[in-house]
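**Student:** Here is what each chain is made of, one letter per residue.
There are 4 protein chains.
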Amino acid sequence: MTDSRGREAELLRLERQYSSWGDTVHYLDPPKFFERAEGNYLYDREGTPYLDLQMWYSAASFGYANRRLNDALVGQLNRLPQLASQYLHRERVELAAAIGRLNASKFGAEGRVHFNVGGSQAIEDSLKIVRNATGKTLVFAFMGGYHGRTLAASAITSSYRYRRRYGHFADRAHFVPFPYCFRCPYDKKKEDCGMYCLQQFEKNFDTEYNSFWDPKAGESEFAAFYVEPVQGTGGYVIPPRDYFPGLKRILDERHILMVDDEIQMGFFRAGKLWSIENFGVSPDIVVFGKALTNGLNPLSGIWAREDLISPDVFPPGSTHSTFSSNTLGTAVALEVMHLVAERDYEAITTQKGAYFLTQLQALQRRFPRVIGDVDGLGLALRVEICGPDGHTPDRALTDRMFAAGLGGDLDAHGRSMGLVLDVGGYHKNTFTLAPAFDITHEEIDLAVELLEQLIRRCAPDRV
Amino acid sequence: MTDSRGREAELLRLERQYSSWGDTVHYLDPPKFFERAEGNYLYDREGTPYLDLQMWYSAASFGYANRRLNDALVGQLNRLPQLASQYLHRERVELAAAIGRLNASKFGAEGRVHFNVGGSQAIEDSLKIVRNATGKTLVFAFMGGYHGRTLAASAITSSYRYRRRYGHFADRAHFVPFPYCFRCPYDKKKEDCGMYCLQQFEKNFDTEYNSFWDPKAGESEFAAFYVEPVQGTGGYVIPPRDYFPGLKRILDERHILMVDDEIQMGFFRAGKLWSIENFGVSPDIVVFGKALTNGLNPLSGIWAREDLISPDVFPPGSTHSTFSSNTLGTAVALEVMHLVAERDYEAITTQKGAYFLTQLQALQRRFPRVIGDVDGLGLALRVEICGPDGHTPDRALTDRMFAAGLGGDLDAHGRSMGLVLDVGGYHKNTFTLAPAFDITHEEIDLAVELLEQLIRRCAPDRV
Amino acid sequence: MTDSRGREAELLRLERQYSSWGDTVHYLDPPKFFERAEGNYLYDREGTPYLDLQMWYSAASFGYANRRLNDALVGQLNRLPQLASQYLHRERVELAAAIGRLNASKFGAEGRVHFNVGGSQAIEDSLKIVRNATGKTLVFAFMGGYHGRTLAASAITSSYRYRRRYGHFADRAHFVPFPYCFRCPYDKKKEDCGMYCLQQFEKNFDTEYNSFWDPKAGESEFAAFYVEPVQGTGGYVIPPRDYFPGLKRILDERHILMVDDEIQMGFFRAGKLWSIENFGVSPDIVVFGKALTNGLNPLSGIWAREDLISPDVFPPGSTHSTFSSNTLGTAVALEVMHLVAERDYEAITTQKGAYFLTQLQALQRRFPRVIGDVDGLGLALRVEICGPDGHTPDRALTDRMFAAGLGGDLDAHGRSMGLVLDVGGYHKNTFTLAPAFDITHEEIDLAVELLEQLIRRCAPDRV
Amino acid sequence: MTDSRGREAELLRLERQYSSWGDTVHYLDPPKFFERAEGNYLYDREGTPYLDLQMWYSAASFGYANRRLNDALVGQLNRLPQLASQYLHRERVELAAAIGRLNASKFGAEGRVHFNVGGSQAIEDSLKIVRNATGKTLVFAFMGGYHGRTLAASAITSSYRYRRRYGHFADRAHFVPFPYCFRCPYDKKKEDCGMYCLQQFEKNFDTEYNSFWDPKAGESEFAAFYVEPVQGTGGYVIPPRDYFPGLKRILDERHILMVDDEIQMGFFRAGKLWSIENFGVSPDIVVFGKALTNGLNPLSGIWAREDLISPDVFPPGSTHSTFSSNTLGTAVALEVMHLVAERDYEAITTQKGAYFLTQLQALQRRFPRVIGDVDGLGLALRVEICGPDGHTPDRALTDRMFAAGLGGDLDAHGRSMGLVLDVGGYHKNTFTLAPAFDITHEEIDLAVELLEQLIRRCAPDRV
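Taken in order, these protein sequences are the chains called E, G, H and S.
Per this note's numbering, residue 2 is the first one in the first sequence, and the count goes up by one each step.
Per this note's numbering, residue 2 is the first one in the second sequence, and the count goes up by one each step.
Per this note's numbering, residue 2 is the first one in the third sequence, and the count goes up by one each step.
Per this note's numbering, residue 2 is the first one in the fourth sequence, and the count goes up by one each step.
Hints are computed from structural coordinates only; laboratory data are not their basis.
Since this is a predicted model, take the numbers as computed values, not measurements.
A hint or two may mislead.
It does not matter which identical chain is used: a pair holds within one copy or between any two.
[As the list claims (entries may be wrong)] Below 25 Å or equal to it, Euclidean Cα-Cα: the simulated DMTMM-like pairs (lysine to aspartate or glutamate) are:
1) Lys189 <-> Asp207
2) Lys189 <-> Asp243
3) Lys189 <-> Glu203
4) Lys204 <-> Asp193
5) Lys204 <-> Asp215
Work out the full structure: start from the sequences and follow the hints.
**Tutor:** What follows is the structure, given as structure tokens:
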């Protein structure tokens with residue numbers, strides 16, 4: 002034990018000297034090490050388990066060290082571990098076909114799949130498709146949206162902090178308020194707002210003076226609208242059911258494409274293969290990544306409607322990346338597609354999600370002076386930590402609970418345990434819960450108990 | 002066999018329907034499938050071996066299915082296959098330290114390492130570092146240079162084709178002629194040019210009217226110069242020894258950073274860990290990827306001088322990527338670092354490269370009406386296919402040889418064999434050879450024999 | 002008469018062949034010629050007078066062929082008609098001082114004046130001041146705002162039509178709804194809206210996710226807000242009294258500059274030297290032009306607070322234009338400043354404007370099925386032509402009335418007369434009235450009579 | 002006298018307080034006042050004449066206070082001094098026709114004229130034409146070129162100083178070395194260079210890797226090349242006769258437009274109506290201003306080929322400016338066109354220019370240690386002040402001579418006189434001479450005498 006602590010101290014010393022701190026590791030001080038992962042749990046150097054409610058921001062939805070998916074990786078490793086992406090291999094082709102077929106049935110449109118690595122690079126590819134098809138560069142995106150951290154992805158991600166030190170962003174999106182009803186951007190009440198937010202968006206096309214539309218030419222200055230149907234980093238915010246159908250109609254009437262970013266919510270996080278399916282909308286382009294390989298490989302990709310991506314308009318050489326359809330990633334992803342063909346993840350995530358949400362609602366009722374809002378769609382759940390008024394964001398308490406969870410000394414029926422949470426939301430006061438799909442009802446109960454312990458420990462005066 | 006051919010036909014049918022053709026697969030018609038990879042060879046569905054002289058554009062320099070590196074992957078897979086990048090794990094820390102220590106000794110400067118996935122995203126991170134440090138956006142880059150295909154990377158990659166259909170590139174680099182002496186951009190002779198190209202570059206800072214420099218303010222409009230010390234996609238072009246020292250002096254005098262893109266040439270491809278070491282120059286930022294994991298994971302990264310990347314100037318949250326320091330990639334990369342610490346790859350690649358180059362020079366002497374230029378640095382070698390005059394680029398012949406190599410019916414001492422080549426260069430007439438570091442002298446001889454067969458077969462009238 | 006008609010036909014033929022139609026002449030078909038101008042009237046080839054209610058979009062506010070100002074031009078013409086702008090002449094210095102002194106007293110801040118030609122170029126100079134002072138490029142501007150037609154001015158002018166065919170505008174403003182209460186962008190009622198539009202604007206700074214503000218750094222992505230206190234081309238829209246004070250507070254708290262575009266409303270059009278004075282707000286930069294020379298010279302200029310424009314921060318050579326402080330323009334402008342020092346134009350325009358507005362309100366009461374809104378501030382008045390419901394914009398009728406006014410056959414107490422109107426507004430259904438300051442009550446009455454004739458002639462079914 | 006000096010001191014005090022110093026007035030300390038202008042002379046407060054060899058940078062080529070042109074201004078002032086530009090007046094139509102007809106005969110192409118005010122705004126209009134016609138934004142321009150100081154004009158003007166403090170210029174031109182043979186950018190000798198500079202430019206289209214051209218698509222990334230046939234601010238640099246024909250051929254082959262900026266050199270400054278005529282080249286767009294009104298009004302304009310500017314492609318509303326075709330400016334400009342139709346300015350400027358150049362060459366022979374180069378085309382002449390080696394630019398001496406000329410105490414055959422020079426050139430060591438076209442041989446002799454006095458006074462050690 003002392004040894005392991007000593008090793009970790011030495012590692013921290015090295016890290017302080019040689020590692021960039023520019024990523025998100027140092028949001029926690031000191032940073033946290035983990036040594037092992039399995040199922041729903043991470044383990045620290047002392048073997049303490051941490052129930053994980055974030056699963057690598059939904060990248061490892063099928064469970065850490067999922068045997069079947071790990072085996073798929075090893076299988077490919079032993080056969081064709083490397084291959085230049087200009088040559089074909091079976092899994093790549095079958096993977097594209099599996100996704101293409103599903104989307105054809107879901108969206109009633111033929112299309113094609115293009116692979117890359119990392120969600121941001123798939124976003125970049127989608128931007129190329131959009132620009133190529135429309136001849137335009139400007140896009141809409143949502144306030145609270147997150148699409149990655151390459152420069153072009155940062156230009157369409159609302160947070161100004163991501164751009165501030167990096168010069169002028171010539172392609173900065175126009176950001177539109179998301180229907181975040183708990184904190185309505187227009188201070189309306191969900192019950193009687195009449196979709197005021199949609200009306201406001203549509204108003205932008207009233208006259209040329211609104212700046213977006215030339216009625217004479219029947220043309221918009223904007224090529225596409227980038228959407229996360231359920232916001233990820235924005236705090237797992239779930240829109241009202243009618244929002245996206247209304248939005249799509251407005252966009253269609255103005256010949257503006259809808260690009261559906263499913264990087265975080267795709268692969269059943271929100272109860273459907275693609276979260277947009279919850280709203281009965283057929284996007285023009287879908288971007289995906291993360292859980293595609295259960296986190297074993299950064300493979301990502303886009304699906305686009307045939308007319309946007311056919312070889313005629315998006316010919317050989319249009320884009321490229323060394324690792325774009327790497328054999329290891331495609332092999333794992335193909336196994337994921339087999340898995341989701343075999344098991345009814347729609348039912349699984351919907352049922353477990355409903356149970357989890359019910360428990361969270363009960364928790365909220367017990368702690369109305371701590372929890373302002375809970376909501377969920379599938380196994381994407383949110384718990385918003387607020388002040389005693391149930392509305393004012395309480396970021397400080399959120400941070401304390403997050404850190405306490407990582408302390409590893411909660412009581413899981415007599416056993417020491419930690420809780421791994423993820424903090425998101427406009428006010429950084431929201432726990433965005435993305436448990437593994439194999440989580441059991443008992444583990445959900447345990448999770449809620451541990452959350453309660455965190456509340457009692459961190460906000461004793463409000464319980 | 003019939004079965005395997007039928008399976009491939011079915012795959013091709015699927016591919017035609019569901020796969021984007023936007024990458025480089027369809028440069029060849031029909032595309033080529035491979036099923037297995039090991040050592041220096043790829044194998045097709047019939048088990049025919051293809052001697053590989055491109056090793057995934059130098060991503061698999063340590064050999065396909067390298068046992069030791071594959072084992073490192075499996076080891077991590079069984080222990081900690083997934084972990085959100087906001088938490089630490091041992092290999093990540095040790096990998097950064099290993100690179101940081103080496104660079105400190107090589108460049109005499111402390112610095113830090115930042116990880117990401119895919120070379121382009123590392124380039125994006127370097128652009129952030131540059132913009133943050135200088136407050137400027139514009140950069141120089143080389144004609145013939147290649148830095149990736151995200152939008153920002155395409156803006157600094159010379160080929161207009163990569164930008165043409167994607168709108169306006171507000172950050173387009175100013176592209177400077179590379180010292181490609183076989184085809185001197187200034188029509189000079191290497192022997193007596195007096196480094197005219199460097200003089201021309203320096204002239205740009207003579208007066209404010211040259212457009213780059215404000216003598217009154219002592220400030221350049223340009224923040225950095227992105228260089229590949231040996232051009233990759235540009236055709237493995239090797240500059241004269243004095244070029245980069247001269248360039249660095251000019252840049253230093255104008256406070257312009259040098260960003261060294263080692264994505265393709267790093268990890269001993271050109272005889273040194275970093276190809277820039279061949280020229281005795283210390284860059285301000287180094288970008289690397291590809292061979293870092295021997296192609297088993299898209300891990301990439303940058304190293305930057307402490308003053309550019311210290312937590313003071315590049316604080317937590319500056320950039321991020323879900324898979325940026327993924328556990329599988331860092332575990333393999335750490336094993337690569339162990340490997341290169343144990344074996345003297347500098348000697349290996351230099352010695353084998355010299356032998357290979359000698360054989361290629363002999364080949365050129367035998368076929369002066371086909372080969373215009375051969376050159377090499379370490380195991381980065383080039384063969385430029387030209388017309389009978391030994392200078393006019395012959396792209397058609399290059400393409401025929403490339404396709405014939407993939408036919409798989411060359412004669413390797415009685416055994417059928419293919420040859421996998423990569424075509425690059427300004428005129429697409431250059432074979433850029435990047436053999437595995439474990440290639441033997443016998444295999445080098447075999448490679449040259451196979452090249453000769455290709456020449457005899459594809460240009461019978463010129464032999 | 003026949004001769005003059007023949008001459009005009011010949012001119013029209015020439016015009017069709019050799020003139021660009023890219024300006025606004027061909028909005029009317031056939032275009033209209035005028036031959037003489039004096040006082041409140043333009044005269045066509047047959048000597049028919051046209052009462053002018055637009056006075057060159059407020060450029061000739063002091064009356065056509067104003068004797069005193071014309072004499073000032075001739076005086077300079079005989080003395081110093083030309084001089085390179087790098088040398089000084091008396092009138093330039095005195096003009097800058099006159100404006101600087103007035104603004105110091107009005108805004109309680111020292112500042113300086115910089116001249117140029119054409120309103121757009123003054124806007125360009127103001128953009129230089131803003132960028133230089135803030136290190137930022139992005140600005141806010143109003144929907145319905147108009148700041149000129151250079152590329153940079155078009156980027157901050159809302160109408161997309163002005164940008165559509167001219168490529169990507171990397172510096173496109175973010176456009177904010179103007180408080181146009183007759184057609185509230187938020188569908189609120191003026192009486193009880195609680196300045197909802199201001200609240201909405203302020204909300205943009207709530208969190209970093211709104212895209213405009215980094216709370217950690219206390220910094221906005223936006224450098225300035227360009228405002229027309231009373232919109233010009235937008236339709237002489239007059240905001241509620243409390244809007245601008247509230248806006249300025251929000252901007253001050255976020256260190257965002259306010260640039261006040263007075264090109265059309267300056268020089269007493271809206272009852273004060275600067276229209277912003279109506280709202281008790283001190284802008285950081287004022288841009289002016291048009292009436293500065295009563296239309297005799299395109300002289301324009303900006304005034305900026307000392308800390309933004311002092312020689313320390315805006316040193317020699319910062320900008321330049323051959324004609325920037327031309328002797329003819331400055332001589333006339335100086336005479337304008339003398340004129341406004343001598344006569345109480347604040348009282349004149351306020352009093353006459355009130356009378357005119359009263360008559361227009363009476364007209365509206367007589368024709369509620371034609372006029373939807375009338376409003377005015379000083380001698381900037383608006384008449385919005387609507388459908389029978391008094392709200393739906395009726396652009397077709399507006400166009401008919403406009404054209405009929407130019408027919409020259411209205412009845413001015415027995416004499417043939419025309420009426421020159423200007424059409425503006427988001428829906429192109431607004432007559433923006435800018436009569437000469439010397440207009441008499443009798444002429445105002447005549448104007449209203451002529452308007453009534455136009456209504457009766459063009460909308461006989463609605464009177 | 003004392004009074005006038007006191008008045009000037011008071012004006013200087015005012016100027017220090019209320020005037021922006023951001024223009025070029027304060028290049029001289031203290032700034033210089035003038036009170037009267039006539040013919041070839043400016044007069045200071047004491048009545049001392051200054052022979053003017055710069056004529057407002059060629060804006061007043063027809064002489065200060067030219068009676069005929071002044072009368073044209075007064076005529077229009079008394080008739081139609083103001084008129085909104087959306088209405089027509091005779092002079093505007095006739096002016097466009099006069100220019101259109103001349104260009105049709107000169108360039109063998111029908112076209113149209115579009116007016117604006119200020120050279121920069123005409124440049125902006127030309128950029129709109131270029132972008133509209135090509136769908137592209139990027140342009141080439143020359144190192145040493147000057148096209149104005151709006152943001153877009155600064156983006157295509159080489160001097161970085163004009164951009165440095167104003168943010169990121171997303172449309173920055175690619176700047177190409179001008180054939181400035183006295184200081185050849187490639188260090189070649191005019192006699193045997195074989196137009197190396199043209200070859201270098203053409204090389205840029207060799208392969209896609211040069212960054213400008215996609216051979217597959219047959220398309221350039223660049224839409225146009227902005228040229229001053231004789232550089233103005235760049236130092237009245239005259240290219241070899243064959244340069245522009247060669248350049249036009251290269252551009253035509255790549256479908257790149259040539260925009261000919263004649264703002265400074267147009268109207269016979271360089272011996273022809275347009276300086277490009279000297280080289281037998283037909284540009285696609287011509288931009289003009291300055292001498293168009295002899296400096297009496299900032300009227301400017303462009304002429305473009307019919308297919309680029311016809312109402313079909315550049316319809317009503319494409320651009321606009323309040324003063325764009327103002328009546329005063331067009332009246333004067335029309336009179337200028339009459340003047341040049343009546344008098345043979347081609348012969349006048351060519352003959353006088355030849356005489357002036359001969360005298361300057363003699364001067365150079367007398368002072369080889371002061372004058373490095375003299376050259377001239379028409380009445381655009383250059384004298385490059387160098388060190389004793391006849392080549393090293395001597396800016397300090399140039400400045401001293403400039404200032405001494407403004408001292409007003411040179412000896413003009415017994416009478417006190419000043420000499421007004423303009424300094425330009427890449428090294429700010431060139432007197433760019435633009436005398437009035439009415440200058441006599443006696444005045445040319447006087448000018449050379451005064452220059453000699455300046456040399457003797459400011460460089461006594463080198464005479």
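**Student:** Broken hints, numbered, in rising order?
**Tutor:** Hint check: nothing fails, all pass.
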